[in-house]
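Peer 1: This is what each chain is made of:
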Amino acid sequence: MRYRGIVKWIAYALVFLVFLLLQTGVLVRVRVWGVSPNILPAVVAIVAMLEGREAGAAYGFFAGLWCDAVIPPVPAVHAILFLLLGAGIGHMTEKFFRKNFLTGFLCALVTLAAFDVVFFTVLYLIPGRAALYNLVLVAAPEVALTALCVPVVYAPLWGVARRFGNEPTGESS
Amino acid sequence: MRFLLRHKGLLAAVAAVLLVLVLAVVSSQGYASPVSNLLGTVFQPLQSGIARLSDSVASFYGYMYEHDALKEENERLKVQIAKMEEAARLSEASNDENERFRQLLGLSERRRDFVFESATIIERDASNWASTLTLSRGSGNGIAPGQCVISEAGYLVGVISEVGATWSTVTTLIDTDMEAGAFIFRTGLSAVVEGNFDLMRQGLLRMSYLSKDVDVKNGDPVLTSGIGGKYPRDIVIGTVTDLYMDETGISAYAVIRPSVELEKLKQVFVIKSFDISE
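Read top to bottom, the protein sequences are chains U and H.
In terms of our numbering, the first sequence opens at residue 2 and continues consecutively.
In terms of our numbering, the second sequence opens at residue 1461 and continues consecutively.
Read the hints as simulated data drawn from the structure, not as lab findings.
Be a bit skeptical, because a hint or two may be false.
Listing some non-contacts, in silico: residues in chain U with all C-beta distances to chain H over 12 Å [to be verified]:
(1) Cys68
(2) Tyr134
(3) Arg163
Covered stretches of chain U (chain H as the covering partner; in silico rule of three or more C-beta atoms under 8 Å from a C-beta of chain H) [said to hold, decoys possible]:
(4) 10–17
(5) 31–42
(6) 55–63
Just so we're clear, the structure is a prediction, and the values are computed from it rather than from any experiment.
A virtual CB, placed ideally from N, CA and C, is assigned to each residue, including glycine.
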């Protein structure tokens, strides 16, 4: 059982690295409505939904460290936000929601929207570098575009959870 | 404190947050923290491979779907070049402005004090909130934070903002963090060019702190002034496209279209050292 747990988290890490490569190498070149999709918060949200609060927070933290290393401009922001969002999503889905695609889809979009709001508010709105309407102009199309990518993100993560972990039953605790 | 010790998960989360904040402070001078440096260095070869693959796909896509548009642009540019050559011939004899334009060409011949390091772009605009490029060279090649980056044509691309062992990040000239001393080539008027969030999404930047009755025309080239010593003098930034009153109503600002085409860049040159002239 312990071996399966280790392999499961190695598989989650590899899936994240593949999506990180996809995001930074391919998706950034896809520009619709002036923005690119951002699938990395969705990866963290879906893992947090599948694995719970503490695992979601830990996964979010380490995923965020990778993002901070390869995605400019501000260090530390991804690690902190993904840790908090992973914990929050894991906690809510443990208590209130079934573990299925619809929950994962909604969690992914809520996580991305929350990430954008906090990121923009702390780094742009408060220092006066951009006006509030810019948040809507960027975040809204970004969330819409990312929604199209969520099924592609969800499938391998669900596959890892089914193959190596406790079978997601679709029931909340 | 007892609360934290009883809730080990919360203790771990607090420790993690403190750790990343420490790492962020460590990297505040422009050099990547040890963790970012390690992760970035491990990731960089993968990014380079993906970037080359993406460039190939993008080139193929461009050829297949933009062939007609490219052909039309080619014809238009041929006509434009012919007109420019004619204008140059007509005014060659006694035109001081033409002489200065000719002096802009051959940057490396004119500025022998520049020490260049070439680098390829392995990642661009990784975030929707900033305009950045990641390069394939880092501190191991003599790259340092604050160094100016130009294109092969000598146009300003941006400035090095973060450096790892084998990679570095460029904040481009349209990013909101960008600020440089500049002057209008035709009149010599000095001002500041800076990124703006609204304009960044259109691929533009602005020249601020102009007086209301400033002598600025559409098409005026804008160059770096070299004031402050951060950027070399006479690096082409772009051209003026519009003039507006700013939010205060007291001064004006000009919208600048960068001469460099950031989306098409594949290789850039980092100016590692230059002679400061003001």
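Peer 1: Do three or more residues of the region 10–17 of chain U come closer than 8 Å to chain H, measuring C-beta to C-beta?
Peer 2: violated (count 0)
Peer 1: Count the residues of the region 55–63 of chain U whose CB lies closer than 8 Å to any CB of chain H, then report whether that count reaches three.
Peer 2: Coverage by chain H holds here, the residue count being 4 at a Cβ distance below 8 Å.
Peer 1: Far enough from chain H: is every CB of that chain over 12 Å from the CB of Cys68/U?
Peer 2: 9 Å, violated
Peer 1: Taking the shortest Cβ-to-Cβ distance between Tyr134/U and chain H, state whether it exceeds 12 Å.
Peer 2: Non-interface label on Tyr134/U violated, nearest chain H Cβ at 9 Å vs cutoff 12 Å.
Peer 1: Determine whether the non-interface label on Arg163/U survives the test: each CB of chain H must be over 12 Å from its CB.
Peer 2: 26 Å, holds
Peer 1: Examine the region 31–42 of chain U: at least three residues should have C-beta closer than 8 Å to a C-beta of chain H.
Peer 2: holds (count 4)
Of the numbered hints stated above, those contradicted by the structure are hints 1, 2, 4, listed in ascending order.
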